[in-house]
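J.: Here is how the chains run, residue by residue.
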Amino acid sequence: MANLLPVVVLLPLVGAILTSLTTHLGPRRLTPLISTVTTALVLAAGCAVAFQVGSSGPLMLVLGGWETPVAIALMSDGFSAAMLLMTAGVGLVVCVFASATPEITGGYWFWPLWLFLLAGLNAVYVSADLFNTYVALELLTVAAVALVALGGRAALLPALRYLLIAVLGSLLFLLGVALVYAETGTLATFGAAEETTGGLVLLVALGVMTLGLAIKVALFPLHSWLPPAHAGAPAAVSPLMSALVIKAAFFVLARMWINLSQGSAPTELAYVLGAVGSVAALWGAALALRQSKLKRVVAYSTVAQVGYFFLLFPLVIAGDGAASALAWEGALVFLFAHGLAKAAMFMAAGSFAHAHGTDELEQLRGAAARMPVASMSMAIAGVSLAGLPPTLAFVGKWQLLHASIESGQWWWIPVLLIGGLLTFAYTARVLRILLDTEDADDQQAKVEQGKFTTVRTDYHPIPQRMQYPALLLAVLTIVLGLRSIDLTELLQAGAAMGGL
Amino acid sequence: MSRAELFIIVGVALFVFGAARMLLTGDLIRRVVALNVAGAGVFLILMSLATVRDASEPDPVLHALVLTGIVITVSITGFALALIRRIERTEIVRSGPRESDG
Numbered sequence: 001m002a003n004l005l006p007v008v009v010l011l012p013l014v015g016a017i018l019t020s021l022t023t024h025l026g027p028r029r030l031t032p033l034i035s036t037v038t039t040a041l042v043l044a045a046g047c048a049v050a051f052q053v054g055s056s057g058p059l060m061l062v063l064g065g066w067e068t069p070v071a072i073a074l075m076s077d078g079f080s081a082a083m084l085l086m087t088a089g090v091g092l093v094v095c096v097f098a099s100a101t102p103e104i105t106g107g108y109w110f111w112p113l114w115l116f117l118l119a120g121l122n123a124v125y126v127s128a129d130l131f132n133t134y135v136a137l138e139l140l141t142v143a144a145v146a147l148v149a150l151g152g153r154a155a156l157l158p159a160l161r162y163l164l165i166a167v168l169g170s171l172l173f174l175l176g177v178a179l180v181y182a183e184t185g186t187l188a189t190f191g192a193a194e195e196t197t198g199g200l201v202l203l204v205a206l207g208v209m210t211l212g213l214a215i216k217v218a219l220f221p222l223h224s225w226l227p228p229a230h231a232g233a234p235a236a237v238s239p240l241m242s243a244l245v246i247k248a249a250f251f252v253l254a255r256m257w258i259n260l261s262q263g264s265a266p267t268e269l270a271y272v273l274g275a276v277g278s279v280a281a282l283w284g285a286a287l288a289l290r291q292s293k294l295k296r297v298v299a300y301s302t303v304a305q306v307g308y309f310f311l312l313f314p315l316v317i318a319g320d321g322a323a324s325a326l327a328w329e330g331a332l333v334f335l336f337a338h339g340l341a342k343a344a345m346f347m348a349a350g351s352f353a354h355a356h357g358t359d360e361l362e363q364l365r366g367a368a369a370r371m372p373v374a375s376m377s378m379a380i381a382g383v384s385l386a387g388l389p390p391t392l393a394f395v396g397k398w399q400l401l402h403a404s405i406e407s408g409q410w411w412w413i414p415v416l417l418i419g420g421l422l423t424f425a426y427t428a429r430v431l432r433i434l435l436d437t438e439d440a441d442d443q444q445a446k447v448e449q450g451k452f453t454t455v456r457t458d459y460h461p462i463p464q465r466m467q468y469p470a471l472l473l474a475v476l477t478i479v480l481g482l483r484s485i486d487l488t489e490l491l492q493a494g495a496a497m498g499g500l
Numbered sequence: 001m002s003r004a005e006l007f008i009i010v011g012v013a014l015f016v017f018g019a020a021r022m023l024l025t026g027d028l029i030r031r032v033v034a035l036n037v038a039g040a041g042v043f044l045i046l047m048s049l050a051t052v053r054d055a056s057e058p059d060p061v062l063h064a065l066v067l068t069g070i071v072i073t074v075s076i077t078g079f080a081l082a083l084i085r086r087i088e089r090t091e092i093v094r095s096g097p098r099e100s101d102g
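Just so you know, the sequences run in chain order A and B. With this note's numbering, the residue at position 292 of the first sequence is 292, and numbering never jumps. With this note's numbering, the residue at position 29 of the second sequence is 29, and numbering never jumps.
Hints were generated in silico from the structure; no laboratory data involved. Quick reminder that beta carbons are idealized off the backbone N, C-alpha and C, glycines included. Be a bit skeptical, because a hint or two may be false.
Claimed, not checked - If the Cβ cut is set under 8 Å, some of the chain A residues that face chain B in the computed set are: (1) Glu138; (2) Leu175; (3) Trp411; (4) Arg429.
As the list claims (entries may be wrong) - Beta-carbon label-pair distances, calculated as ranges: (5) B/Arg30 to A/Gly152: 41 to 49 Å; (6) A/Val37 to B/Asp27: 42 to 50 Å; (7) A/Ile405 to B/Thr68: 45 to 53 Å; (8) A/Ser224 to B/Asp27: 45 to 53 Å; (9) B/Glu88 to A/Ser292: 27 to 35 Å; (10) A/Asp486 to B/Val52: 43 to 51 Å; (11) A/Pro390 to B/Val33: 49 to 57 Å.
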């Protein structure tokens with residue numbers, strides 16, 4: 001079954017080449033179909049990997065029979081299998097959403113680029129080698145930037161800024177990789193942990209890697225590239241960016257911390273990360289409350305949620321055994337929940353923007369009456385992000401709260417609670433505008449008075465296929481919340497190699 | 001100070017200056033060049049680290065990494081330049097041919 005590991009990377013690459021050919025030479029109408037089918041096959045392979053990992057522990061494969069450090073080693077534990085599942089699952093739903101109309105994808109090149117992105121993401125998740133992780137991060141950055149650039153003229157400059165800042169982050173990561181190699185003599189992600197003795201070089205290595213990856217996950221105050229890039233991207237691209245691309249860099253960051261710092265973890269640095277994450281969670285949410293455009297609200301919400309992820313570090317590194325394991329599970333469940341909910345939110349936001357030709361919140365007043373399904377998805381996804389029971393994010397947040405108490409780090413509790421309230425606040429603000437029928441009634445009068453000129457004149461109904469994918473993912477956050485035990489078991493299955 | 005240490009310091013300086021310039025400059029071409037300078041700094045550090053253990057027999061693995069890194073940097077530079085061309089083309093269309101030399 002370990003042979004499935006290269007499949008999750010190579011299959012999307014083959015699909016990407018095929019779809020590039022059909023897009024360039026024709027017939028173009030085959031492109032979305034091939035891309036969606038490939039994504040479905042990758043999801044099937046991901047399910048098989050997850051099943052295997054869940055039943056018999058981590059999978060490992062060394063390609064071509066070479067020995068380390070020349071070999072390309074692939075590995076999948078519970079954490080990686082869960083990410084494979086989420087990536088292909090969210091990707092497939094977004095594919096269905098994107099196939100509704102070429103206008104929301106920014107052209108047919110979306111399809112090959114998505115498959116390149118999928119290959120890069122999966123390569124990050126199955127790589128057992130630090131340098132291959134670097135290469136995979138670059139592959140996915142290039143694909144992600146190209147996808148953002150599909151958003152037209154206004155998206156070109158944010159795309160370039162994103163490229164430059166992301167490559168700077170990669171260079172920092174590469175520097176850390178080189179230091180780890182110089183210190184331990186191995187590039188294997190898990191081998192390096194055994195060789196390490198802690199010390200200054202390793203601390204510097206971990207520091208530059210953390211800085212580089214924090215840029216890539218847009219941790220406050222390194223987040224300013226994210227909102228223009230994520231909000232400027234086409235409707236079908238934004239969910240991929242916020243739900244999936246951010247996660248890959250965070251995955252690597254979590255791996256580095258858990259594996260490289262065994263026993264000699266720099267707890268002070270972990271507390272700093274937790275503190276910065278707390279500020280990000282509150283500041284991002286406050287900014288989300290002030291945005292006048294819907295996609296910007298959702299993009300700043302990502303900045304806030306990224307802050308939450310960073311509570312993982314103090315709780316896992318500085319906590320003792322049981323509390324640490326609890327925080328690890330909680331944070332990963334939260335990560336998973338965020339992927340589903342944020343994809344749903346961005347798809348709903350994209351639907352509103354597409355139907356109205358703008359995502360200015362003022363212009364969307366009363367839109368719920370016209371687009372009930374998209375509004376419902378937005379509401380459920382928001383409730384899920386805020387972590388209300390019985391959603392999946394609630395399970396994650398509950399475990400984080402529990403871990404805070406167990407490890408005596410009570411100061412994270414207000415952050416978790418206030419952050420949840422703020423999440424609820426900006427969702428409620430958006431919903432209040434969408435549901436504002438009173439205003440919609442005297443819309444006509446106001447237009448006649450000349451107060452509004454452009455409102456709703458360019459509204460046009462959207463295809464069915466654009467409406468239900470967002471609702472599906474939103475509902476999934478609730479269903480999985482009720483079945484979260486399966487996910488937790490999968491995450492525990494890889495614990496043998498996850499360091500915890 | 002050994003030669004490797006000297007080169008590591010030069011590499012760190014190149015990276016810091018390149019990164020700072022990349023973050024502080026507005027001009028797009030200059031930013032791409034600065035990013036390349038920062039990249040050269042990182043590669044120099046990698047090359048120096050290869051000779052830290054044994055100066056007469058440098059570590060080939062790190063050299064291979066630098067080679068891959070250079071390929072990636074060249075591709076990304078090309079991609080960035082292509083994006084800049086598009087950005088400047090749309091600016092010319094917007095502002096009219098009169099200001100096209102700006």
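J.: The structure should be examined with respect to each hint, and the outcome stated for every one.
T.: Verification of the hints:
no., hint, verdict
1, Glu138, "5 Å, holds"
2, Leu175, "5 Å, holds"
3, Trp411, "32 Å, violated"
4, Arg429, "33 Å, violated"
5, B/Arg30 to A/Gly152: 41 to 49 Å, "25 Å, violated"
6, A/Val37 to B/Asp27: 42 to 50 Å, "45 Å, holds"
7, A/Ile405 to B/Thr68: 45 to 53 Å, "46 Å, holds"
8, A/Ser224 to B/Asp27: 45 to 53 Å, "19 Å, violated"
9, B/Glu88 to A/Ser292: 27 to 35 Å, "29 Å, holds"
10, A/Asp486 to B/Val52: 43 to 51 Å, "48 Å, holds"
11, A/Pro390 to B/Val33: 49 to 57 Å, "54 Å, holds"
In this structure, the hints that do not hold are numbers 3, 4, 5 and 8, in rising order.
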